[in-house]
Structure formats: C-alpha cells, structure tokens
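Starting from the given sequences, assemble the full structure and let the hints guide the process.
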Amino acid sequence: MLGMIEINLLPQEYRVQERTPLGLFLTIIVGICTVGAIGVYEINLKKELAAKQLENQRLHAEADRTDKEKEAVVKLEREIDVARKRQETIIEISQSKIIWSQKLIQFGKIMAEYPDFWIDRLSLQRGGDKAKLTLNFYALGNDLRKEANFQDRIINDTNFWYHFDKFEAPTVRMSPGGPTGGGPLAKYGYTGPTMYFDVSIPVK
Amino acid sequence: MSKDLRNTLIAVALFIALAGVMIYFVTDTQDQLDGVQKENSELEDKIKQNNDYIKKAPALQRQLNELNANFRDYVKILPSAEVATEQRLLRTVQAYADAAQIQLQELSQRDAAGKKGGGSKMGEFQEVSVNFRIDCDFDSFVRFLNLLERHEQFMKVNSFSVNPSANTRIVDGKEIIDLGVQIEVTTYKYIPSKK
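In order, the protein sequence lines correspond to chains A and B. Every letter in the first sequence is one number past the one before it in the numbering used here, and letter 190, counting from 1, is 214. Every letter in the second sequence is one number past the one before it in the numbering used here, and letter 42, counting from 1, is 58.
Calculated directly from the structure, the hints in this document are not laboratory data. There could be a bad hint or two in this list.
As a list, the in silico EDC-like pairs of lysine to aspartate or glutamate whose alpha-carbon atoms are at most 16 Å apart [as the list claims (entries may be wrong)]:
1. A:K71 x B:D44
2. A:K76 x B:D68
3. B:K62 x A:D91
4. B:K71 x A:E112
5. B:K72 x A:E79
6. B:K62 x A:E86
7. A:K121 x B:E168
8. B:K190 x B:D153
9. A:K170 x A:D140
10. B:K54 x A:E72
11. A:K154 x A:D105
12. B:K62 x A:D88
13. B:K64 x A:E86
14. A:K71 x B:D47
15. B:K62 x A:E66
16. A:K76 x B:E168
17. A:K76 x B:D50
18. A:K94 x B:D61
19. A:K94 x B:D68
20. A:K211 x B:E82
21. A:K133 x A:D189
22. B:K71 x A:E101
23. A:K70 x B:D44
24. A:K156 x A:D222
25. A:K109 x B:E82
26. A:K156 x A:E101
27. B:K92 x A:E112
28. A:K121 x B:E165
29. B:K71 x A:D181
30. B:K54 x A:E79
31. B:K64 x A:E93
32. B:K92 x A:E86
33. A:K190 x A:D176
34. A:K76 x A:D91
Spelled out as structure tokens, the structure:
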C-alpha cells in the first residue's frame, strides 16, 4: 500500500471550502433574524392597523348616528326656544291688559275727595312697550300744599297706583286772582286764583 | 480583500438594504396606525360629547310637551283667527255701545302689525285694532269701557283720550258739557307659522 500525500497548491481563497465561512454564516443568521423580526413586526402592525381601521369604520358609523341624534336634540332645543318665546309673548299680552274702567272708577273716588280739583283732559297714550297716562287738571286757589296732598293721596292708593311708576315732571301753572283771574271759571263769575297741572304717569 | 470578507460585506450590504426597505414599510404602517388611532380617539371624544348631549333629549321632550300644553291653555284667552276679525270687533263695539246707550261718532281701523317677542319672528300673534270716537258723559264712558274690558274674549283698551266736547247741552236749565272720547281697542289672534 502506497501512502499518498495530497498537496493543494492553490491559494487559500481559491481552495474548495468544505463549510461556509464563519463570518458569512453569522452575517446571514443575524441578517435573517433581523429582517425576519422586522417582517414579523410589520405583520403585527398591519394586523393592528386593520383592526383599528375596522374600529374606525364602526366609530364613523356611530358618530354619524349620534350626529343625527344630536341634530334632533338641537332641533328640539330650538323648538323649546320658540315655544318659550311664544309663551312669554302670550303672557306679556295677557298681563299688558289693565282694566281701565276700574282705574277710572278708583280715580273718580279720589277726585270726589278733592272738590276743588277738576279734570280738564285725560288720555292714555300707547308708546312702544310703555303706555303713559296724561292728566291735565285745574284746582281752585294757589296753595301748592293742596297739590302735594292730592299727589300723596294718589300715590298712597295702592289699588290705583299699582300699575304706575311715578309722576313724570309735573308742571304747575298758577293763575293769580283778580279781574283777569279765575281761569276757565271766569265765565261763571269766579275771579279767584287757580292752578293748572300737567302731569304724566308712565304705566309700569 | 479576501473572498470571504467580500462575500460577508456583500451579504451585510444586502441585509442592510433589505432591512431598510422593510423599516420604510414599517414606518409607513406605523404612521397610518398613529393616524387611525388619533382619528379614532377624536371620534370617541365626539361620540362621548354627542351621547352626553343626547342624554338631555327625554328631559327636553318633556319640557317641550309641557310648554305646548301650557300654551294650548294660554292661547284660549285669545279669540281664534276666524273670530278675531275687524268686522267681528266692530260688531262687538256696536253691541256694547248700544248697551251703554252711547252713540259712536267716528271709526277707523289700524293696519294689523306683528307683536314683538316670540310671535314677531314667526308673525304668530297678530293685532286687530279699531279706533273710534264717542261723545258721552263720564259715567257712560266708564260703563262702556267696562263692557268692552269684560268681554269674554281678550280685548284690551290700548289708548283713550278724554277731552271736553266743544258742544254743550242744556238739561233742566243746567249746562252739561259732554266728553269727546277717543278709544282704541285691540285684540290679538294667534296664527301658527307654517313649518
């Protein structure tokens, strides 16, 4: 038996290798693991994305439904607003009614207590929201205390004064007695002093 | 450079390129996911707000029913649209003038105008007014006013003016100065707006 010695004269890199070089092998392993991990992560993300998109569709549908229901509630609120204003208006209409015949009777009773006073003109004027009662009247004499008492009597009559606010800028014109005096009573022979009052009373 | 080293470097470069492409896709997917999550969170907030709002619906419906029921009672004080006409108002005024034994002197009608407030926008409450002049004494005037104000359906004296009449009359030797009275009477009718 002849023993044979095999000698490979090729440089190391050209020699046939029996196994993958360790560096390349490790690179491939690490590369595959890294790429694989990224791939798995991507697959998970895609799954999660799909789930979230599905949830998104459901939420969109629910948001649309609740939007419609909210719209109905908003419409309801608008209707309530209109109904409330309508109710306020009708209450305002009904409360705006003052029984003037009763007021005039009450006023007549007050006037009866002051025989020196008589009404020349009386008017109720409507003006926007607030009406105004205007009185023009005369009184015998020229004593302003009588006028003050008369005003106090009116203000202190709770029933009559209920709908009124105040005397608005009352004006008093005094007419002295004498041959040219007497005011409107001169033609009846009265020549004494008289007072003429111009009073406005705003209605509350 | 040895062949092994070169092969290894090529493999590294390939894997890096491949990983780069995959990271690009992962980033893109992550961005999409973040976007969807953000949108979902906004939608959830919106749904929560809507649901909170919707919860009020039963109470609001009850409130509306209550208001409507109240209004049906309130509106009964006003005459119906068919009844509250100028013509009907004239007939009423004439009937009460006859009852108070006074003579109507002059009559005019004012154009109807919308009432302010809830009615004005809808034009739901319409004013119907007549204006007339009478000559009478104070007692007759008050009696006539009282008859008008006690009318079964809503009637309101809007304005009046009482002045001494220019003409005087003599009764049993006494000079009687009648009053010249101008009165405006108003009623309202409810005309529901068309929805």
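(message) I'd like to know which numbered hints this structure contradicts. Please list them from smallest to largest.
(response) 2, 4, 5, 11, 15, 16, 20, 21, 26, 29, 32, 34
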